[in-house]
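Student: Single-letter residue listing:
2 protein chains.
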Amino acid sequence: MMEKLLVDLGERSYPIFITQNILGNTEWVSPYVKGKQVAIVTNETIAPLYLETVQQAFMGFDCISIILPDGEQYKSLAGINPILDRLMQEQLDRKVTLVALGGGVIGDMTGFAAAIYRRGVNFIQIPTTLLAQVDSSVGGKTGVNHPLGKNMIGAFYQPQCVMIDTNVLSTLEDRQLYAGIAEVIKYGLINDSVFFNWLENNIEQLLQRDAQALAYAIKISCQDKANIVAADEKESGKRALLNLGHTFGHAIETAMGYDGKWLHGEAIAVGMLMAAELSLLHDWITEEEVQRIENILQKAHLPTVPPKITVKQFLSLMAGDKKVLDGQLHLVLLKRIGKAVVTKEFDPELLQQVLVKYA
Amino acid sequence: MMEKLLVDLGERSYPIFITQNILGNTEWVSPYVKGKQVAIVTNETIAPLYLETVQQAFMGFDCISIILPDGEQYKSLAGINPILDRLMQEQLDRKVTLVALGGGVIGDMTGFAAAIYRRGVNFIQIPTTLLAQVDSSVGGKTGVNHPLGKNMIGAFYQPQCVMIDTNVLSTLEDRQLYAGIAEVIKYGLINDSVFFNWLENNIEQLLQRDAQALAYAIKISCQDKANIVAADEKESGKRALLNLGHTFGHAIETAMGYDGKWLHGEAIAVGMLMAAELSLLHDWITEEEVQRIENILQKAHLPTVPPKITVKQFLSLMAGDKKVLDGQLHLVLLKRIGKAVVTKEFDPELLQQVLVKYA
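Residue numbers (this note's numbering), protein chains in the order written: chain A, 1 to 359; chain B, 1 to 359.
The hints are simulated quantities; they were obtained by calculation from the structure and are not laboratory data.
There is no bait here: all hints are sound.
No copy is singled out in the list; a pair is fine if it fits within one copy or between any two copies.
Below 25 angstroms or equal to it, Euclidean Cα-Cα: the simulated DSS-like pairs (lysine-lysine) are: (1) K238 with K34; (2) K34 with K344; (3) K261 with K312; (4) K344 with K95.
In this text the structure is predicted, and so the values were computed from the model without any measurement.
All chains should be built: construct the whole structure from the sequences, respecting the hints.
Tutor: So this is what it looks like as structure tokens:
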């Protein structure tokens, strides 16, 4: 069975496929490769598992592979050089198609390399983590981290297609699975209380990697994200809702130094709970709702307490976040489970209280 | 007098102003700055001459200045870091406007920094060399060099406006003036034989920096470029005509190492003559036309012979050029003065002959 969703962006529209057992199949690729040249970008963890299979799919093309070290700490401007250097050495031209085979880091870096190599070449996303499948591979946000802030350098650049093969989740580490579930939970919290209820009832099946449950959760997540991205590609409004938990979470990630001690999904899990606590202090949501959020995060083996960061450091890192506009911090907070809002109308003293509680 | 031209690119359209004595004037800036924050990017040569004046124009905003070292050798991916680092340190947000105050290198680097900082912020071009005024500040090509090829890393990213104050040409070095005239001559060769005739008759006035002659040459050049860019923003066709002389010229620049021994306009001058010679060997243009091209380049004190580069090195560098598609080198050649074509239908042996002649 193959599900097909569309990210509707006019001439930049593209399909997301959700299916199984497709990675070595040559048939799906040709509509999405315009020239003769293909460069697969992956990392040392994924290459032994899936590179050979994916090379099969592209065997009708002049295909090279670029294998990067694995880890968020390589997601920097300088970390793009190994990709660009190799593309230049091989003299690959403007019709080359880059293929991102990996998790969020590989997708973000490959997409950004595609955006800036010869001022832009095509690329395809083959996400291999749950987090990348439900979030980072969809919507065209590409880029790298700056030492002073996560994802601060990048481009909005859409792929030709996203190919999600749920089989790859069988080799995913437990901790990576949990981190992906954090982003799935996020879609429920933002604008889909029915999906949040479904997640409460099906969290065990997801943790046990039940294929049907995973495929359903991925489909709903991608559909939710595709709708939001289609309405606001460059984040001038509604798309900022997708950052629920991210202002707190990015502060955690930046403070911890991108070296894998905290995965993105883990930081976002804590960030969503902190956003919920702040919403509670404004009387926008109930204690029971906060409890439901904490419960599902705990069931998914996700952290609910941040690492040791001082209030001052938290505030300073949050002030550097992308959601600051004209010097004013904007946060994504909850009006209820299933309804998030982007707002600068929060009480700074209550924010302080939340940070003190967790510091 | 203020001339206003429009680069017509739908929602990315923007004006080019050609005028005098405007740099310190506060009135022109406000329509093109959307937030409260402005960062002027310039270099050590331009800063003492014009930075204070331009700061006056932006005095209604929170304005910082970033002063880079001067030279094409800093136009690299790593060379962008001083801009990005400072923007991050100052926690400038997505509404910041970058102002490129300088020649082509500053414009290309600042535009690229604007394209990738927080996935894209606004920028304004204030070009201070003739070459930047007639070419690099118009059309949205931004980017940096790769050790293996010029302008290979970058983005198509349009400014909010281009402000050309011809007064700044009074402080331009002679050699930079000549290099700019090379690009002006290019527009005549590509598609404007009337303008080429005018240039033959007015080259002395341009060399003497006659204000009226310069303003006219800038206006015609910008208009020619704006028309071509409007027809083909991302260079899928006609825009490649603007690369007349560039495949040869970039090979010269890459071989010489971007350290200022050869200015871009100088390399392009030789490149145009080599393209003319190759066109002559195909019997597309006459010896008299080649002679006219050589004459005007010589009158403008531009080189007409490349530096010592072997045929092999030339071919290898040309093979890495952006104009290679699916392994096939495309060249911009002349059918007559005032009519250039992009073609892969040239005789490789005649190309070899031209390279041997100049090697």
